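Dock chain E against the given chain R, drawing on the hints supplied.
There are 2 protein chains.
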Amino acid sequence: MSEGQIFRVAVDAMGGDHAPEETVAGAVEAAREGNVQVGLVGDPTVVQAEIEKHDTSGLPILPIESEGFIEEGEQPAIALRQKPKASVVVATSLVKKGMADGAVTMGSTGGAMAAAAVILGMMEGIERPALGGPIVGFAPNTVILDVGSNVDCRPSQLLSFGVIGDLWARIFWDVKNPRVSLLSVGSEFGKGNKQVRETSELFAKSGLNFVGNLEPHELPAGNVDVAVTDGFVGNVVMKLTEGIGQASIDLLRDGLQGRLSNDEIDSLAAELYEKTHVANHNGGGPLLGVNGVSIVGHGSGKREEVKRAIGIAKMLHDLGFTERLRDELAAVHGKVGG
Amino acid sequence: MSEGQIFRVAVDAMGGDHAPEETVAGAVEAAREGNVQVGLVGDPTVVQAEIEKHDTSGLPILPIESEGFIEEGEQPAIALRQKPKASVVVATSLVKKGMADGAVTMGSTGGAMAAAAVILGMMEGIERPALGGPIVGFAPNTVILDVGSNVDCRPSQLLSFGVIGDLWARIFWDVKNPRVSLLSVGSEFGKGNKQVRETSELFAKSGLNFVGNLEPHELPAGNVDVAVTDGFVGNVVMKLTEGIGQASIDLLRDGLQGRLSNDEIDSLAAELYEKTHVANHNGGGPLLGVNGVSIVGHGSGKREEVKRAIGIAKMLHDLGFTERLRDELAAVHGKVGG
Numbered sequence: 005m006s007e008g009q010i011f012r013v014a015v016d017a018m019g020g021d022h023a024p025e026e027t028v029a030g031a032v033e034a035a036r037e038g039n040v041q042v043g044l045v046g047d048p049t050v051v052q053a054e055i056e057k058h059d060t061s062g063l064p065i066l067p068i069e070s071e072g073f074i075e076e077g078e079q080p081a082i083a084l085r086q087k088p089k090a091s092v093v094v095a096t097s098l099v100k101k102g103m104a105d106g107a108v109t110m111g112s113t114g115g116a117m118a119a120a121a122v123i124l125g126m127m128e129g130i131e132r133p134a135l136g137g138p139i140v141g142f143a144p145n146t147v148i149l150d151v152g153s154n155v156d157c158r159p160s161q162l163l164s165f166g167v168i169g170d171l172w173a174r175i176f177w178d179v180k181n182p183r184v185s186l187l188s189v190g191s192e193f194g195k196g197n198k199q200v201r202e203t204s205e206l207f208a209k210s211g212l213n214f215v216g217n218l219e220p221h222e223l224p225a226g227n228v229d230v231a232v233t234d235g236f237v238g239n240v241v242m243k244l245t246e247g248i249g250q251a252s253i254d255l256l257r258d259g260l261q262g263r264l265s266n267d268e269i270d271s272l273a274a275e276l277y278e279k280t281h282v283a284n285h286n287g288g289g290p291l292l293g294v295n296g297v298s299i300v301g302h303g304s305g306k307r308e309e310v311k312r313a314i315g316i317a318k319m320l321h322d323l324g325f326t327e328r329l330r331d332e333l334a335a336v337h338g339k340v341g342g
Numbered sequence: 005m006s007e008g009q010i011f012r013v014a015v016d017a018m019g020g021d022h023a024p025e026e027t028v029a030g031a032v033e034a035a036r037e038g039n040v041q042v043g044l045v046g047d048p049t050v051v052q053a054e055i056e057k058h059d060t061s062g063l064p065i066l067p068i069e070s071e072g073f074i075e076e077g078e079q080p081a082i083a084l085r086q087k088p089k090a091s092v093v094v095a096t097s098l099v100k101k102g103m104a105d106g107a108v109t110m111g112s113t114g115g116a117m118a119a120a121a122v123i124l125g126m127m128e129g130i131e132r133p134a135l136g137g138p139i140v141g142f143a144p145n146t147v148i149l150d151v152g153s154n155v156d157c158r159p160s161q162l163l164s165f166g167v168i169g170d171l172w173a174r175i176f177w178d179v180k181n182p183r184v185s186l187l188s189v190g191s192e193f194g195k196g197n198k199q200v201r202e203t204s205e206l207f208a209k210s211g212l213n214f215v216g217n218l219e220p221h222e223l224p225a226g227n228v229d230v231a232v233t234d235g236f237v238g239n240v241v242m243k244l245t246e247g248i249g250q251a252s253i254d255l256l257r258d259g260l261q262g263r264l265s266n267d268e269i270d271s272l273a274a275e276l277y278e279k280t281h282v283a284n285h286n287g288g289g290p291l292l293g294v295n296g297v298s299i300v301g302h303g304s305g306k307r308e309e310v311k312r313a314i315g316i317a318k319m320l321h322d323l324g325f326t327e328r329l330r331d332e333l334a335a336v337h338g339k340v341g342g
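Chains as they are written, first to last, in the working numbering: chain R, 5 to 342; chain E, 5 to 342.
In isolation and in its complexed conformation, chain R is listed as follows (with noise of 0.2 Å):
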C-alpha cells in the first residue's frame, strides 16, 4: 500500500460538539487535499446542505445515510441496540464491508468502541478497544496505554497494551528496539500489585524488549517508549497531569501577574497547558486493538482536528498497522500461551 492510494474514509458527520459543520468542513479540506475519498455518514439532507456551504467540485464527497446518531452519556450497548443505524455505526459498518479503508468521529468515545467491538471485532489477547498515546506531554515519544475502558486488566490483556506499544514506537517513530516498561510503584523487577507482578512474569517471556517496572514520576523523563497500565491507572494519568497541570497553571498565572506582559504569561501558560493537556491538544487518536480502522476525535475537536483525525486513519491504513498489530498480537500470545 503505497501513501499515493486513494484512502476512502467513512465520517460520521454527525459526533461531536461542533456537528455537522466542522465535521463536515473538515472531510471537505481533507478531499481538497488529496488521496483522500469522503462519505459523510449522516442525516442526508443535513449533510448536503453542509457540503453545500463548501466548493466540492470535481471532489470525490459523497453523503452516505444514517439514522440519529449516539449522544455522549449514552450508555453505549443500549444505543447501539436502540440506534442500529446511526451515524457511527453505518460509518464502522462501512469499514466491516470493506467500503471504506478508515472510520473517523468526533463523537461518544463509548459509542464509536461499542460499534468497532461489535461490528470489527477484537484482535487476540483483546477484550475491549485500548486508547493510548502520548497522554504525558513531557514525554512527546512515550506511548502509554491503557487509558481508557479497560478498567479492569488480566495479564495478558497487558501484555496484548505491550505489543500494540512496541508496533506503536517503531511504526509512527521508527525507534528499532522499543524500551516496554511497565507503570508500577517500584522500581525493582515485580514491584507493585498483584496484577504487575503477574504481567512481569509475561512480559519477561514475551520477546519484547521489556525494560521493567516505571514509577510515576519518571514518566516524564520520557526514558521508555512504552508504558503500560490498564485502563484506570492510565486514566488517572491523564486526568491527574491535566489537574496539576491547571493548577500549575493557575500558580503561575497568578505569580506572575504585572510581572510579565499579558503575552508572555499567556505563553507560557499555552506552553504547560499544551505538555498536560495531550488529548484535548492532539484531539484524538486509533482504537488500538480492533480489526480495522477507527479514529475518535475529541468532542470538541474542529475542522483542524477532524482533518488531522482522517490524517491518522490513512496513515494506519497505508502503513498496514490492523494487519501487522493482528499478526504480532497472535505471535506474542502463541509465544507466552497467554
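Hints are computed from structural coordinates only; laboratory data are not their basis. Fair warning: this is a prediction, and the values are worked out from it, not measured in the lab. Mixed in with the good hints, there may be bad ones.
Identical chains blur together in the list; that is why a pair holds if it fits in one copy or across any two.
To be verified - Pairs of lysine-lysine, DSS-like flavour, derived with a Cα cap of 30 Å:
id, residue 1, residue 2
1, Lys57, Lys87
2, Lys243, Lys306
3, Lys306, Lys87
4, Lys306, Lys57
5, Lys101, Lys306
6, Lys198, Lys243
7, Lys101, Lys87
8, Lys209, Lys195
Below, chain E alone, put in the same frame as chain R:
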C-alpha cells in the same frame, strides 16, 4: 487527656539519612519545648555522645539501648526476624508495653510498618498500616489514602480508609461532616473498575457522608475532604504529582530565565515545589490503622522534621486518635458487615 500532659515519646535515634545527629538534635529541641519526655533508642554510646553535644540539663531525655537498625531497602519482614532488637523494634515495643505514648522514626518506612503491624497489631478492617495525607498540595485539606503499601485492596479495606479519612478531617481539621469520595475515572456513582463499583455499595450504607466518585483532575480543587483509593493508585497519584510538578518547574525555569530575577524564579519554583512535593516537604506522617501511635518521618528529614514528627505523635496521643479510630472502624464494619 489534656494537651498539658507529659507525652512520652520513643524516638528511633538510628534511623534516617541524618541519624543520629539530627534525630537526637530534633528530639532535644522537642524536649526543650516542654511537655515531652524523650527516650532515644539506639546504640547507647553513640546516642550518649550525641546527647552530650547539647545542654540537656533538667530535660527528660534518656538513652534506651537497642542493637542495629533496619536500613532503607532491606526486606522488612526478614529484617525484623534478623534484627529483633533493632532501634525501630525497640521503640515500637515501648509503645506496646505502655512505656511510651508514641514512637517516631525517620528510618525505613517498610521497617516501621512491619514493626507496627507485628508488635502493635492492626485494627479491625485494616490489613497493613496505611499512609495518607494531603499529598496534592494544591488541596491542603483533602486527605488522600492509601498512598502506601496496600497495593491490593478489598472493598472493605477501602471502606476502612474512608473511616480513617473521615476521622482525620474531623479531628485535625475540625470538619463537621467530612465529604468522603472514591477516586475513580468517571463521576457517576459506581463508575470505575470492579473495585470501585463494589466499594461504592459499601460506602453507600456506611453512614459516612459519601459524596460519590472524584475524578483525578478534580483533586487539586479540594472540593472533598477525603479521597479514598488503593495504595497502588494512591502512590501513583503522589509520585505523578511530584513528576509533573518537577517537569513544570523545569519548564518554568527555562521560560523565565532572564526575564525575572533569579530570586523571583526561585521563589515561584519553591512555591510550585511545595504544592507538588508534600511528602518531602511535610516530612512524613502517622501509620494509620495500627493499635498505637507510630510516626514515620521522611528519611531526608533533619532536626526540624524530627521535632515536627514528635509534635504529630503528641497531637495524635492528646486527641485520643488511636482509641477513637478503633471504635469507629469497629462501628462501621459492624454496620456494613464488611
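Measure nothing new, just compare the shortest in-copy and cross-copy C-alpha distances for Lys243 and Lys306 to 30 Å and report within, between, both or neither. Cα proximity of Lys243 and Lys306: one copy only (22 Å, versus 35 Å across).
Check Lys209 against Lys195 for me: Cα-Cα at most 30 Å, and say if that holds within a copy, between copies, both or neither. within (17 Å within a copy, 34 Å between copies)
Within, between, both or neither: Lys306, Lys87 at alpha-carbon 30 Å: within (25 Å within a copy, 65 Å between copies)
Within, between, both or neither, where Lys101 and Lys306 count as close if Cα-Cα is 30 Å or less: Answer is within: at 28 Å inside a copy they meet the 30 Å cutoff, but 68 Å across does not.
At 30 Å max between alpha carbons, let me know whether Lys101 reaches Lys87 within a copy, between copies, both or neither. This pair counts as within: shortest intra-copy Cα distance 19 Å, inter-copy 69 Å.
My question is about Lys198 and Lys243: at a cut-off of 30 Å on alpha-carbon distance, are they close within one copy, between copies, both, or neither? For Lys198 and Lys243, both the intra-copy (24 Å) and inter-copy (19 Å) Cα distances are at most 30 Å.
I want to check one pair: Lys57 and Lys87. Are their C-alpha atoms no more than 30 Å apart within a copy, between two copies, both, or neither? within (28 Å within a copy, 80 Å between copies)
If the cut is 30 Å between Cα atoms, do Lys306 and Lys57 qualify within a copy, between copies, both or neither? within (16 Å within a copy, 70 Å between copies)
The structure is consistent with each of the numbered hints, conforming to all of them.
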